[in-house]
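Novice: Under UniProt numbering, think of the first position of the first sequence as 1, with each following residue one higher.
These are computed hints drawn from the structure, not numbers from a lab. None of the values given here were measured: they were computed from a predicted structure. Warning: the hint list may mix true and false statements.
Calculated lysine-lysine pairs in the DSS-like style (CA-CA distance at most 27 Å, straight line) [unchecked claim]:
1) Lys-78 / Lys-121
2) Lys-121 / Lys-160
3) Lys-144 / Lys-121
Pairwise CB distance ranges, derived in the manner of DEER restraints [to be verified]:
4) Ala-187 / Gly-119: 17 to 27 Å
5) Leu-14 / Asp-157: 43 to 53 Å
6) Cys-7 / Pro-158: 48 to 58 Å
7) Ala-64 / Ala-4: 47 to 57 Å
8) His-101 / Thr-202: 22 to 32 Å
In this text, a Cβ means the ideal position worked out from N, Cα and C, and glycines have one as well.
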Amino acid sequence: MDVATPCAIYRALLRHYPDTIPGGISYGDPFEVLILTILSAQTTDRAVEAVRPILFSRYPTPAALAAADEEEVGEIIKPTGFYRVKARHIIGTARRIQEEHGGSVPRTMEALTGLPGVGRKTANIVLSNAFGIDEGIAVDTHVKRIAGLLGLTDETDPVKIESDLKALFPQEVWGQINALLVQHGRAVCIAGRPRCAACMLTPWCRYYSEGKKIVTRT
DNA sequence: ATCCCGAGGG
DNA sequence: CCCTCTGGAT
1 MDVATPCAIY RALLRHYPDT IPGGISYGDP FEVLILTILS AQTTDRAVEA
51 VRPILFSRYP TPAALAAADE EEVGEIIKPT GFYRVKARHI IGTARRIQEE
101 HGGSVPRTME ALTGLPGVGR KTANIVLSNA FGIDEGIAVD THVKRIAGLL
151 GLTDETDPVK IESDLKALFP QEVWGQINAL LVQHGRAVCI AGRPRCAACM
201 LTPWCRYYSE GKKIVTRT
C-alpha cells in the first residue's frame with residue numbers, strides 16, 4: 001500500500017469528525033473515563049450520557065463509589081445494559097483503586113487490565129483518552145470491518161490487524177485513529193447497511209469501488 | 001429480529 | 001472456545 005494513503009484517510013476522517021478525541025466521548029477526568037468506558041460496553045453513547053450526571057453526582061470519587069450499594073448503582077446504570085455485572089465491576093474497580101492504587105487511576109496496561117471489568121479494549125481507551133498514552137489500537141468490530149474495507153489490512157486475526165495498523169499510523173495518533181474509525185463505523189460505515197452516500201472514504205474503499213459486493217458484516 | 005465502543009467464566 | 005450478562009436502537 002502507498003504510504004501516503006493511511007495519512008490521507010486519517011486527514012479525511014479528522015476533517016469530518018473534528019472533535020473526535022481518543023475514546024470517542026469527552027469524558028473528563030481519568031476516573032470518569034474509566035468508569036464510563038466500562039459502562040460503554042455493548043450500549044450506545046446516548047445511554048451512557050444519560051446515566052453520567054446521575055452517577056457522578058451521587059458518586060463523585062473512587063472513595064464514594066467504593067462504598068456504594070450494588071443495587072443502588074445498578075438502578076442508576078440500568079439504561080446501559082448488563083447493569084448487574086457492570087455495577088459489580090465499577091464498584092470493584094473503585095475499591096481496588098482505593099486499596100491498591102492510592103485512590104488514583106493506574107496508568108499502565110497491566111494494572112488497568114487487572115481491574116474488574118477492564119479488558120484490553122477498555123484499558124486502551126482509558127490510556128489514550130485519559131492519559132494521552134498511545135500503547136495500541138483496540139480492534140473491535142468497527143475497526144476490523146473498516147480497516148478491511150479500506151485495504152489497510154488483509155488479516156482477520158485481531159492481533160495481526162493491530163500490528164498492521166500500528167505500522168501504518170504514527171504512534172501519537174493511534175488513540176485518535178482508533179476513535180475515528182469507531183465513530184465512523186457507528187455513524188456512516190454501519191455494519192450491514194453502509195451509508196456510502198455520506199462517506200468521505202469512498203476513494204479508498206474496496207466495497208464502494210468493487211460494486212458493493214464485499215460483505216460488510218464481521 | 002438483530003446488533004451494539006466487551007469481559008468474565010465454564 | 002463458547003456462553004452469559006441486559007437494555008435500547010433500528
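Novice: Each hint: holds or not?
Specialist: Results for each hint:
{"no.": "1", "hint": "Lys-78 / Lys-121", "in the structure": "22 Å, holds"}
{"no.": "2", "hint": "Lys-121 / Lys-160", "in the structure": "15 Å, holds"}
{"no.": "3", "hint": "Lys-144 / Lys-121", "in the structure": "13 Å, holds"}
{"no.": "4", "hint": "Ala-187 / Gly-119: 17 to 27 Å", "in the structure": "24 Å, holds"}
{"no.": "5", "hint": "Leu-14 / Asp-157: 43 to 53 Å", "in the structure": "28 Å, violated"}
{"no.": "6", "hint": "Cys-7 / Pro-158: 48 to 58 Å", "in the structure": "23 Å, violated"}
{"no.": "7", "hint": "Ala-64 / Ala-4: 47 to 57 Å", "in the structure": "50 Å, holds"}
{"no.": "8", "hint": "His-101 / Thr-202: 22 to 32 Å", "in the structure": "46 Å, violated"}
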